[in-house]
Amino acid sequence: MENNSLLPPSNQVEEVSRLIQRGLIPKEVPTVSGFDIAAGTSLDPGGSGRNVWSHFSLSVGRIGLVILHAQGEGLPAAHFLALARSLLKEMALDHDGLVGLLARVNSGMADAVPEGSTQHVEAGIVLPGDRKIEWASAGRCPGALIKRDGVLAEFSSHGPPLGVLGGFLYGTQEVELGAGDAVVVLSGASQGVFRGATDLVAALQGKPVAEIVTTVQKALKKAQPDTALESSVLLLRRQ
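According to this note's numbering, the sequence shown is numbered sequentially starting from 1.
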């Protein structure tokens with residue numbers, strides 16, 4: 001499909017993508033013992049449906065949370081969000097951890113992406129555990145630990161976006177959390193925007209997590225008032 005930057009925001013591809021995206025957003029946040037969790041995807045009538053948050057269950061019953069962000073032009077972006085989300089949810093039922101799961105999802109995406117396409121999906125995954133979380137990422141979906149005292153530790157990326165390199169084996173990162181420590185993940189944000197968001201989260205420590213997510217989304221929109229902005233924010237705080 002030809003990429004034409006002169007197409008209006010309401011062109012057919014983006015309209016279809018927005019429609020698919022809205023059907024992917026979970027209706028509620030899952031409950032995980034020991035953590036306060038909030039997440040949200042802010043929508044824009046002129047957006048292109050490129051990101052969403054979701055969750056999945058592993059074979060051992062553990063709940064994982066994920067932000068997915070589609071990149072590239074061609075097919076509706078949310079088509080690839082739906083594909084990545086479906087693969088995660090289905091394949092997670094046969095896995096007890098993130099390493100093998102992410103490799104399987106990536107290979108499935110690589111097989112499904114049309115030849116010659118440059119479209120792919122970035123993912124940031126958080127798996128809460130006993131006083132810790134496990135982090136895995138494909139591409140750049142920024143995440144960080146914000147300590148109760150405000151100290152920031154950004155997480156690493158563990159490999160290419162989903163669908164780019166079939167057969168790639170992703171690593172993961174385990175992070176210990178103390179009471180009041182928080183983990184934040186943002187969709188497709190620049191380094192400066194992400195740092196601003198983490199500063200805001202640190203300043204709001206002690207507020208309800210749902211309130212913090214809403215405040216971050218409003219701040220992102222305010223910082224870019226002339227841009228069609230869709231963003232997904234995931235926040236976990238250890239009780």
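Be a bit skeptical, because a hint or two may be false.
Restricting the straight-line Cα-Cα distance to at most 30 angstroms, the calculated cross-link-like pairs of lysine-lysine (DSBU-like) are [stated by the list, open to error]:
no., residue 1, residue 2
1, Lys-147, Lys-132
2, Lys-222, Lys-147
3, Lys-132, Lys-218
4, Lys-89, Lys-222
5, Lys-132, Lys-27
Now the in silico label distances, taken between C-beta atoms and shown as ranges [stated by the list, open to error]:
no., residue 1, residue 2, range
6, Leu-152, Ile-25, 23 to 29 angstroms
7, Pro-114, Glu-154, 32 to 38 angstroms
8, Lys-89, Gln-12, 23 to 29 angstroms
9, Ser-59, Arg-195, 21 to 27 angstroms
10, Glu-73, Gly-206, 27 to 33 angstroms
11, Ser-59, Ala-112, 21 to 27 angstroms
12, Arg-22, Gly-150, 31 to 37 angstroms
13, Gly-61, Gly-171, 32 to 38 angstroms
14, Ser-156, Lys-89, 22 to 28 angstroms
It is worth saying that the hints were derived from the structure and are not from the lab. Here a beta-carbon is modelled for each residue, glycine too, at the ideal position from N, C-alpha and C.
Checklist line | Distance restraint evaluation - Arg-22, Gly-150, Cβ atoms, bounds 31 to 37 angstroms | finding: Since Arg-22 and Gly-150 have Cβ atoms about 36 angstroms apart, the given range 31 to 37 angstroms holds.
Checklist line | 30 angstroms Cα cutoff - pair Lys-147, Lys-132 | finding: The given pair, whose Cα atoms are some 13 angstroms apart, holds under the 30 angstroms limit.
Next item on the list: Mind checking the alpha carbons of Lys-222 and Lys-147 for me, to see if they're no more than 30 angstroms apart?
Entry: Between Lys-222 and Lys-147 the Cα gap is close to 26 angstroms, so the pair holds against 30 angstroms.
Checklist line | Distance restraint between Lys-132 and Lys-27, which requires alpha-carbon spacing of 30 angstroms or less | finding: holds, 26 angstroms
Next item on the list: Kindly confirm whether 21 to 27 angstroms is satisfied by the beta carbon distance between Ser-59 and Arg-195.
Entry: violated, 37 angstroms
Notebook entry, point to check: Is the distance from the Cβ of Gly-61 to the Cβ of Gly-171 consistent with 32 to 38 angstroms?
Noted result: About 24 angstroms separates the Cβ atoms of Gly-61 and Gly-171, which means 32 to 38 angstroms is violated.
Check: Holds or violated: Lys-89 with Lys-222, Cα cutoff 30 angstroms?
Finding: Distance ~34 angstroms between Lys-89 and Lys-222 Cα, so the pair is violated.
Item checked: Distance restraint hint 23 to 29 angstroms, applied to the beta-carbon atoms of Leu-152 and Ile-25 -> holds, 28 angstroms
Notebook entry, point to check: Is it true that the CA of Lys-132 sits at most 30 angstroms from the CA of Lys-218?
Noted result: holds, 29 angstroms
Checklist line | Verdict for Ser-156, Lys-89 (Cβ pair) under range 22 to 28 angstroms | finding: Hint holds: Cβ distance 25 angstroms, inside 22 to 28 angstroms.
Item checked: 23 to 29 angstroms as the expected CB spacing between Gln-12 and Lys-89, which holds or is violated -> holds, 28 angstroms
Margin query: If I claimed the Cβ atoms of Glu-73 and Gly-206 lie 27 to 33 angstroms apart, would that claim hold in this structure?
Written below: 42 angstroms Cβ-Cβ, so the 27 to 33 angstroms window is violated.
Hints 4, 9, 10 and 13 from the list above are not met by this structure, while the remaining hints are.
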